Every structure is written in structure tokens, then in C-alpha cells.
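Student: In case you want the letters, here they are:
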Amino acid sequence: MDLLSNLAQGFQIGLLPINLLYCFIGVLLGTLIGVLPGIGPSATIALLLPTTFRISPVSAIIMLAGIYYGAQYGGSTTSILVNIPGEAASVVTCLDGYQMARKGRAGPALGISAFGSFIGGSLSVVGLMVLAVPLSTMALQFGFPEYFAIMCLGLSIVSYLGRGSFFKSLLMAAVGVSISFVGMDVVVGKPRFDFGLMVLSDGVGLIPLLMGLYGIAEVFSNLEPKDQRVEVFQTEIRGLLPTVQDWKDSIGAILRGSVFGFLLGILPGGGAVVASFLSYAVERKISRHPEKLGTGVIEGVAAPETANNSATGGAFIPLFVLGIPSNVAMAMLLGALMIHGLQPGPLLIRDHPEVFWGTVASMYIGNIMLLVLNLPLIGLWVKLLKVPYKILFPLILLFCMIGAFSMNNNPADMLVMLFFGVVGYLLRKYEYELAPLVLAFILGPQMEQAFRQSLIMSDGSLTVFFARPISATAMALAGFLLISAFIPALKRK
Amino acid sequence: MERFDWKISFIWMALGVGQCIESWRIGLGSVSEPAMGFMPFVLGMVIIGLSAVLLAESSLAMKKTSGRGIRLWAGVNWKGIAWVTVLLLGYSLFLSRLGFLLATFFLMVFLLRTSGPLKWWVTLLIALLTSVLTYGVFGVWLSVPFPRGLLSF
Numbered sequence: 001m002d003l004l005s006n007l008a009q010g011f012q013i014g015l016l017p018i019n020l021l022y023c024f025i026g027v028l029l030g031t032l033i034g035v036l037p038g039i040g041p042s043a044t045i046a047l048l049l050p051t052t053f054r055i056s057p058v059s060a061i062i063m064l065a066g067i068y069y070g071a072q073y074g075g076s077t078t079s080i081l082v083n084i085p086g087e088a089a090s091v092v093t094c095l096d097g098y099q100m101a102r103k104g105r106a107g108p109a110l111g112i113s114a115f116g117s118f119i120g121g122s123l124s125v126v127g128l129m130v131l132a133v134p135l136s137t138m139a140l141q142f143g144f145p146e147y148f149a150i151m152c153l154g155l156s157i158v159s160y161l162g163r164g165s166f167f168k169s170l171l172m173a174a175v176g177v178s179i180s181f182v183g184m185d186v187v188v189g190k191p192r193f194d195f196g197l198m199v200l201s202d203g204v205g206l207i208p209l210l211m212g213l214y215g216i217a218e219v220f221s222n223l224e225p226k227d228q229r230v231e232v233f234q235t236e237i238r239g240l241l242p243t244v245q246d247w248k249d250s251i252g253a254i255l256r257g258s259v260f261g262f263l264l265g266i267l268p269g270g271g272a273v274v275a276s277f278l279s280y281a282v283e284r285k286i287s288r289h290p291e292k293l294g295t296g297v298i299e300g301v302a303a304p305e306t307a308n309n310s311a312t313g314g315a316f317i318p319l320f321v322l323g324i325p326s327n328v329a330m331a332m333l334l335g336a337l338m339i340h341g342l343q344p345g346p347l348l349i350r351d352h353p354e355v356f357w358g359t360v361a362s363m364y365i366g367n368i369m370l371l372v373l374n375l376p377l378i379g380l381w382v383k384l385l386k387v388p389y390k391i392l393f394p395l396i397l398l399f400c401m402i403g404a405f406s407m408n409n410n411p412a413d414m415l416v417m418l419f420f421g422v423v424g425y426l427l428r429k430y431e432y433e434l435a436p437l438v439l440a441f442i443l444g445p446q447m448e449q450a451f452r453q454s455l456i457m458s459d460g461s462l463t464v465f466f467a468r469p470i471s472a473t474a475m476a477l478a479g480f481l482l483i484s485a486f487i488p489a490l491k492r493k
Numbered sequence: 494m495e496r497f498d499w500k501i502s503f504i505w506m507a508l509g510v511g512q513c514i515e516s517w518r519i520g521l522g523s524v525s526e527p528a529m530g531f532m533p534f535v536l537g538m539v540i541i542g543l544s545a546v547l548l549a550e551s552s553l554a555m556k557k558t559s560g561r562g563i564r565l566w567a568g569v570n571w572k573g574i575a576w577v578t579v580l581l582l583g584y585s586l587f588l589s590r591l592g593f594l595l596a597t598f599f600l601m602v603f604l605l606r607t608s609g610p611l612k613w614w615v616t617l618l619i620a621l622l623t624s625v626l627t628y629g630v631f632g633v634w635l636s637v638p639f640p641r642g643l644l645s646f
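If you read the protein sequences in the order shown, they are chains A and B. Residue numbers for the first sequence follow the working numbering, so the first one is 1 and each next one is one higher. Residue numbers for the second sequence follow the working numbering, so the first one is 494 and each next one is one higher.
Calculated from the structure, these hints are not laboratory results. Quick caveat, the model's predicted, so the values are computed rather than measured. Think of the CB as a built atom: it goes at the ideal place given N, C-alpha and C, for glycine as much as any other residue. One or more of the hints may lead you astray.
Label-pair ranges, simulated between beta-carbon atoms [as the list claims (entries may be wrong)]:
#, chain 1, residue 1, chain 2, residue 2, range
1, B, Val630, A, Val372, 23 to 33 Å
2, B, Val630, A, Asp351, 30 to 40 Å
3, B, Trp613, A, Lys248, 54 to 64 Å
4, B, Val630, A, Gly239, 32 to 42 Å
5, A, Leu462, B, Leu626, 48 to 58 Å
6, A, Leu4, B, Arg606, 52 to 62 Å
7, B, Val630, A, Pro290, 44 to 54 Å
8, A, Asn409, B, Leu626, 13 to 23 Å
9, B, Arg606, A, Pro134, 56 to 66 Å
10, B, Val630, A, Phe195, 31 to 41 Å
11, B, Leu611, A, Val244, 44 to 54 Å
12, A, Ser201, B, Leu635, 19 to 29 Å
13, B, Gly583, A, Pro134, 49 to 59 Å
14, B, Val630, A, Val188, 36 to 46 Å
Just chain A, with the same shape it has in the complex:
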């Protein structure tokens, strides 16, 4: 009963006209940037974070969350029609989606993608709603050693699941934590690593760092000459509603994708990308005709598109329950909560139920909005693919500059952002992952506090991290990942 009354309270908040408006803006922008290749949800959340400073925390989170899950809907459009994924999580949709479009079945591909996304997204919200409260009650028992161990494990998994070298990713995590040391010390409140610069005396701002690494650096990367012309597949998009046979072929994939997506979304570094690839791999494994996957079969579209949306709901669990983000977009939501004076973690649901339940209810509403936006308006989204980047990139840069300035109304923050823009570009160029850096930067102060407090309470004994089952398991898993990354490197020698 508690669950239903809380949900009813959430809907009261989510259905307020102002929150409906922010939810709509969020999912609309999410779909938009999902459709447009070259700008992702992380960059967009970074760009829009400053616009939320002056609105209520619930509205802010509703809008930013809408961008995140909305982008997963939009990403499939370009995969199916252009064979270019709008988002990394839609890469695998290209395999069957584009082939379906070539066979004149772009409509059912887009349709099942939207319905699968809706079902996966909605089921994952149910999972979030059911699991978050009991898990947060359990998390209240955690002490500093557990938090430190879980954060170490989270960063190790994010580094391990990264696309490139594990050691480069781990180095990025170490650099991210190190950047968080700039400014006031979290325990004694004295300045450190600020080099006497006023702009660094309060530490490196989250907004300049995010906008630099994701906004400016992304534009710099896109300034590189690329031999890639976007050509929308010339076909009439008809029959968006899948047939009974289409449903029969894809319902299993949709349900499996929902479960895999949700569970992988919870894992740090898992998220939508891994979920989409894994669910596609599972479909190939269990299919009675695996050779047909990749030639334009509908379950090849349904599975990854459902999974990547389902992962978005799962990703909220570690954020709301532990205050530990599982991916960069969640890290930005964590930043948004902190900017509004809220501390994500087990106490958030108890002390600020309106934020949690309002967000949950808005996700149900947002998924319905997305279904409406994605089916009838598909023609509009296709037209948007033709907006030239030469007009988009000056606008992105301007939003970055305004965002950095509006944090403290200080032009010096724009210089900090510019610095991270150049650094972020060079890091991308040399195949360093930015996600571990951002996650580590955001978790840095909590990690340091947990580490120091653990050592103080154990009188300097490092065994404190192995004394209780949860911290011991997390540390052992992190150690296992480290060793398993070293073994192939040693074998290569």
C-alpha cells in the first residue's frame, strides 16, 4: 500500500503543469539529440545543467532524466534510416534496422523500436520503484569502508568495461579523483592544489569540467575532416504499427531485453550500450535461425532497442540508493542534485520523497510522451537529420560559454572550461576514456572522506576494508578485475 500511495504522491508532483512542461522539454530534447549524430545525452545534460539552477530540484531532475531516456528512443531513428547510430547504445540496431529499411520495412522497424522502448522503459521504472526503497533501507547500514569499497569497485568496473585500454581508463579515474582534490580539503577545510588562483579556491567546478570535456571537446572532435555524408535512406515510411506476426516474432526479445537491460543498467559502467549489445548477442544465441540476424529481422531491432531503454531505469538505482552514479549521465544527475543542495544516497528517498517519487512518476509520463513523439512525428525527426553541423556547432559552443558563466557569473569559469575542452579533445584523440575521469571527479570528495574516516576509525589498519562482507566482496571483485586486466598484458610480453 505504501508503494501505491507513494506513487500516487509522485503522480501528483509529476502531473503538475510545470513538471509536465519540463518533462516534455526533456524528452523532446532527448529525442532531438538522440536523432542527431554527433551530440549525446551526456553533452546535452552538461549543456542544460545551468538552466536548472533557478528551477525546483524535482523539475530539474525530471527534465534531465527525460533527456537521458529520451535520447535512447531517438538514437534508433538514424540507425534504421541512415545506418549511422544517433547514440552509442543504438550501434547494434543498425545491423537489422538498416537492412529492414532497405527491404522497405523501415516503418515496422521504427514502430517496434518505439514500442519496445516504451515497454522496456516502463518495466524498468516498475523495477526501479519496487527495488529502490528496500535497497536504500539496506544501504543505511553501510559505513565508510563499504562506501569506499563500492566506489572503488564502481570505478574499476567502469574502467574495465571501457572501450580502450583498462590501464588508460584506470589512469583517467585516478586523474579524476586528483582533480577533485583542488580547492578546500573535505575534512579540515583548508585550501590545497589551487596554485593561489582565485578561480580554483573553491575547487574545479562541475559545470566547466563537464562542458569542457563533453561540449567543447566534442565540437573540436567534430571539426576534424571526416569523409562521412549523412544520406537519409530514400524510402516511404509506411506501416509504423507492427503486424501481429511482427509482435509474435519480437515479444520474446522485448521481454528478455527488458530484464537484461534493467539488470545491466544497475551495474556501474554497464548501462545502455552494454545492454543493447548483450541482448542482441542473447537473441543470436537462442534464435532458431541465428543466420538471419543481421539480414533485417525484427527481433534484431526489438531486443537492443528495448534493452537500452530498460537500462535507463536500472541506472537510477545506484544513484538514488547509494548516491553512486553508474554512468556519466547519472553522474551529471548526481551533480544536479548536489547543486540543488540534495545529497543523493539512502537518505534521499526518506528525506526528499518528492524528488524520488516525482521522478519515477515523470518517467511513466515521459515514456508515454516519447511514444507519441516518436511514432507520428517520425517525418519531422528525419528532416532534422538535414540540419547542417556548421550551424549547430557555434550554438553548442555558445551554450557552453553561457553555462560556464552562469554558474558563478564569473568569466574565469569560461577559461577553466576552455582548458578542459582542449584537454578533453586531446584525451579523446589519444583514446583515453572520459567517463572514468568524470565519475571519479564527482565521487572524489566522497571517496576521500570515506577513505580517511575508515582509516581513522580503524586506527590506521587497512584490514577495515576487508572486515565486513560487503566491503570485502567489493574490494575482492575490484582486485579481481585489476588482476584479470594484468594477465593478458603479461601474456603479450
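With chain A fixed as given, assemble chain B onto it according to the hints.
Tutor: Just chain B, lined up with the frame of chain A:
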């Protein structure tokens, strides 16, 4: 083809050493009572260790392919990045003097001219609309106190 970024490993190592030295200077405390330099020192050591691993990896890769690989700075669009950086730097420095509307208008004109061939009237129209609309949204609606500068509003 693998990119041999061993020079970057040296930069990381130098940063790690610098972090350790500065952490030492501000005070490490002890394991039972860690001071504010303690964890930065540990992280500095981690950075040094990881950069050594990366250095070893890239050196081995260099040996295997007899030093052939992509040069460190090959393929970077220095000209484009430098120009955009200068424009954004100029914007940061002149925003207070020129004010938001003028500075944004000029920034957009320069950026749009950089981005490719656009008719002058289209460039000026987009620049004008962008500066006015962003001022309306951020300055008026969201009450961001932009510098007024020359136009005094």
C-alpha cells in the same frame, strides 16, 4: 594501427610526481590520522605506477613494429581548434567590456564564418537572432546577470 603515445606517459608521470611532492609539502599525516596530503599522495603514486605500465606497453608495441606507428600529433586539426579556442578566449576576456549582446553577436558571426560558406545576410541574421534569443532565455527568463557593457542593458 596502434598509436604510440609514450610521450604522454611521461607527462602523466611528471604530473604524478608533482602531485606527490605537493602532497608531501602540505602534509601527509599518518595512516591512523591521515592529513589532507595523504590521499593525494596515494593517488599520485597510483598515477606514476599506471603511467609506467602504459610506458612499458607502448615501448613494447614500438619494438614489435620497429617504431612505425602514427606520430603523436598526426591528424590533429590544430588550425581549426586554435582559431575556435582564440575566439572563445576572446569572448571570455571581452564579455564584461562589450556586454553579453555585443560579445555574443560578434562571437556568433566569427564562428559561423569559420564553420563554412554561408551568405553574409544569413550569418548576420543567425548571429542577431541567437544573441537576442539567448539573452531573452538566460538573461531575462532565467535571470542570469550578464554583463551589460557598452549597450548598458
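Student: Against each hint, give a clear statement of whether it holds in the structure.
Tutor: Do the hints match the structure? See the list:
About 26 Å separates the C-beta atoms of Val630(B) and Val372(A), a value consistent with the hinted range of 23 to 33 Å. In this structure the supplied range 30 to 40 Å holds for Val630(B) paired with Asp351(A), their Cβ-Cβ distance being about 33 Å. At about 58 Å, the beta-carbon gap between Trp613(B) and Lys248(A) stays in the expected band of 54 to 64 Å. For the pair Val630(B) and Gly239(A), the supplied restraint of 32 to 42 Å holds, since their beta-carbon distance comes to about 40 Å.
A hinted range of 48 to 58 Å for the beta carbons of Leu462(A) and Leu626(B) is consistent with their spacing of about 56 Å. At about 59 Å, the CB distance of Leu4(A) to Arg606(B) agrees with the hint of 52 to 62 Å. Under the hint 44 to 54 Å, the C-beta atoms of Val630(B) and Pro290(A), about 51 Å apart, fit the expected range. The hinted range of 13 to 23 Å is satisfied by Asn409(A) and Leu626(B), whose Cβ atoms lie roughly 20 Å apart.
Separation of Arg606(B) from Pro134(A) is about 58 Å and conforms to the stated range, judged on CB atoms against 56 to 66 Å. Here the CB-CB span from Val630(B) to Phe195(A) is close to 35 Å, well matched to the stated 31 to 41 Å. Between Leu611(B) and Val244(A) the CB atoms are about 50 Å apart, so this pair conforms to the stated range of 44 to 54 Å. For Ser201(A) paired with Leu635(B), a C-beta distance near 26 Å keeps the hint of 19 to 29 Å intact.
Distance hint check: the CB atoms of Gly583(B) and Pro134(A) are about 55 Å apart, consistent with the given range 49 to 59 Å. At roughly 41 Å, the beta carbons of Val630(B) and Val188(A) sit within the given window of 36 to 46 Å.
Against the hints set out earlier in the document, no violation occurs for any number.
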